[in-house]
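Undergrad: What follows is the residue order along each chain.
Protein chains: 2
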Amino acid sequence: MGLIDQLLKGDRKAAARAMRLVEDEYPEGREILKRIYPYSGRAYVIGITGPPGAGKSTMIDKLVKHLRKQGKRVGIVAIDPTSPFSGGAILGDRIRMQEHSLDEGVFVKSLATRGHLGGLAKCTDDIIQIMDAMGMDIIIVETVGVGQDEVDIVKTADTTIVVTVPGLGDDIQTIKAGVLEIADIFVVNKGDKPEADKTVRELKIMLDMSAPREDGWKPKVYKVSALKDEGFEELIEGIYEHRKFLEKTGRFESYRKDRLENLFHIMLKDKLANQLINKMKEKGIYEKIINEMFEKKIDPYSVVESIECKCTVKGEEI
Amino acid sequence: MGLIDQLLKGDRKAAARAMRLVEDEYPEGREILKRIYPYSGRAYVIGITGPPGAGKSTMIDKLVKHLRKQGKRVGIVAIDPTSPFSGGAILGDRIRMQEHSLDEGVFVKSLATRGHLGGLAKCTDDIIQIMDAMGMDIIIVETVGVGQDEVDIVKTADTTIVVTVPGLGDDIQTIKAGVLEIADIFVVNKGDKPEADKTVRELKIMLDMSAPREDGWKPKVYKVSALKDEGFEELIEGIYEHRKFLEKTGRFESYRKDRLENLFHIMLKDKLANQLINKMKEKGIYEKIINEMFEKKIDPYSVVESIECKCTVKGEEI
Chain A
1 MGLIDQLLKG DRKAAARAMR LVEDEYPEGR EILKRIYPYS GRAYVIGITG
51 PPGAGKSTMI DKLVKHLRKQ GKRVGIVAID PTSPFSGGAI LGDRIRMQEH
101 SLDEGVFVKS LATRGHLGGL AKCTDDIIQI MDAMGMDIII VETVGVGQDE
151 VDIVKTADTT IVVTVPGLGD DIQTIKAGVL EIADIFVVNK GDKPEADKTV
201 RELKIMLDMS APREDGWKPK VYKVSALKDE GFEELIEGIY EHRKFLEKTG
251 RFESYRKDRL ENLFHIMLKD KLANQLINKM KEKGIYEKII NEMFEKKIDP
301 YSVVESIECK CTVKGEEI
Chain B
1 MGLIDQLLKG DRKAAARAMR LVEDEYPEGR EILKRIYPYS GRAYVIGITG
51 PPGAGKSTMI DKLVKHLRKQ GKRVGIVAID PTSPFSGGAI LGDRIRMQEH
101 SLDEGVFVKS LATRGHLGGL AKCTDDIIQI MDAMGMDIII VETVGVGQDE
151 VDIVKTADTT IVVTVPGLGD DIQTIKAGVL EIADIFVVNK GDKPEADKTV
201 RELKIMLDMS APREDGWKPK VYKVSALKDE GFEELIEGIY EHRKFLEKTG
251 RFESYRKDRL ENLFHIMLKD KLANQLINKM KEKGIYEKII NEMFEKKIDP
301 YSVVESIECK CTVKGEEI
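Just so you know, the protein sequences line up as chains A and B, in that order. Numbering follows the working numbering, in which position 111 of the first sequence is assigned residue number 111; successive positions increment by one, without gaps. Numbering follows the working numbering, in which position 207 of the second sequence is assigned residue number 207; successive positions increment by one, without gaps.
To be clear, the hints were calculated from the coordinates, so they are not data collected in a lab. Please read all numbers here as calculations on a predicted model, not as lab measurements. Take the hints with a grain of salt, since some may be wrong.
[Claimed, not checked] To give a feel for the contact side, a few chain B residues facing chain A, derived at Cβ under 7 Å:
1. Phe245
2. Thr312
3. Val313
From the three backbone atoms N, C-alpha and C, an ideal C-beta is built for every residue, glycine too.
Please construct the entire structure, taking both the sequences and the accompanying hints into account.
TA: Below is the structure:
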């Protein structure tokens, strides 16, 4: 049985191998993505973000346990800021895997923030496709909510959760501000702390004060405690409620279509630019143009403006 | 006298207007960039980043004052995380401008992290080009060092400075790790604090322990105090020392060429993809392909793979 068949049957080793091929940009990786494409799109994607120190990992571990109780198969894509000293991701697959290593219904994959030729967003989506095709019902994408890239990635989820904790200082405000607008659900973590109720109240007031969202969804606030194992059933209900809202309003499909279109554009850009640059290099004019631009003899804007292409897409002239 | 002539003479209003045209993606903006291109490339670009709370703004204000004493004209591009509530940037041009509003030798421009069609990196570079053409000797690009995008932007500077302060907690470590490898110079800010020397020592030890850099530069550590106005002359000497190193090793030119090439690729991607998508839309096949992909009848990888283009660049067939 081939790798793809094994993957579609949910084989973990096949999935891990497929992910490595995709991550390292092997042609075999793209072949796999092509072949599994018809089998993807079934999983529900939850994006979870929040500032460092919000206890996201512990909260996600508990959330996964409750989802498992409901019989859901769960994939986790953990996007870790790359550490230049360890050379790899800060959280490791191994550490996170241990928790659920005996559970066939959980699959964890860490992605470093650096070194993705096609971009981090593209690679994250590729991994989601594979987890989806291997039969995961719910896929959680976890990021440290500090960068625009990460915000953009987590925003592409069906439901986006922003995690915070009581008593995060003012320094965090600048970070938090950037992710507030993308939250479908807020989770106040460490809900056992005495100040948790105050944080919940403040969040609710802030949400009441802010302009209504275009899509008509009113973000909800949930309080959870990993320590006391409280609030997770309610949170999961909240996620399902948001899903129902998306489906009822037709946004479930339209958002996913937007996302597909966006990924298509990323792929298109890379393909077209690489094709042209390679041809320019073959003809020996690439270096010449770069040098002329560097010497200020021509400007890059005029060069780019001058480009005219005739293309065929699937054999059809455009 | 036209806008461009005024801009090239250093007129502040003309510069501000040009920046708005470029930022809002008006065709006139691109025309300006084309026309000033031959006059850019003279300014020295310093990237300054560091975690929230490191006191970057105060430190930069002092640095600017010392650079002004040396007669340098200084441009500052402040990249501010966008606040969804204020609708704009967190720091405002106005606040920052007040400090130097009477000084013709300083020009401050804030850029929000959101809503740049061609990308934040491209827009930052456009603003740098304008500041350069208006006669700024040194251009400082300031970011809150929290995201990959920001790291990528600040990395394109000639000299990159990472600012830290004594006693930043563990939460910050994950952020700091991501920017450590890009620093040509470390600045320990708030050097008047008793723990500052310890932070300097720790940084030096960490640098000694880490692998030597490919380019052979050994990052330096400087201690400054905005409060006591100490250490800035030495820091400026350090910046000049790094510049000399770049020039001596030929890296000054090669890094700038890499950066030009990178921006050329960004422009190329946008142009080629937009051209093709528009033509597909005209022919009525764009929607059809998106729908077929969405319905899993075809996969995006095969569509993109099938594309073949024949292009002309500056009238020449490629």
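Undergrad: Hints first: check each against the structure and report whether it holds.
TA: We went through each hint and held it up to the structure:
1. Phe245: violated (21 Å)
2. Thr312: holds (5 Å)
3. Val313: holds (5 Å)
Taken one by one, the earlier hints fail for this structure only at number 1.
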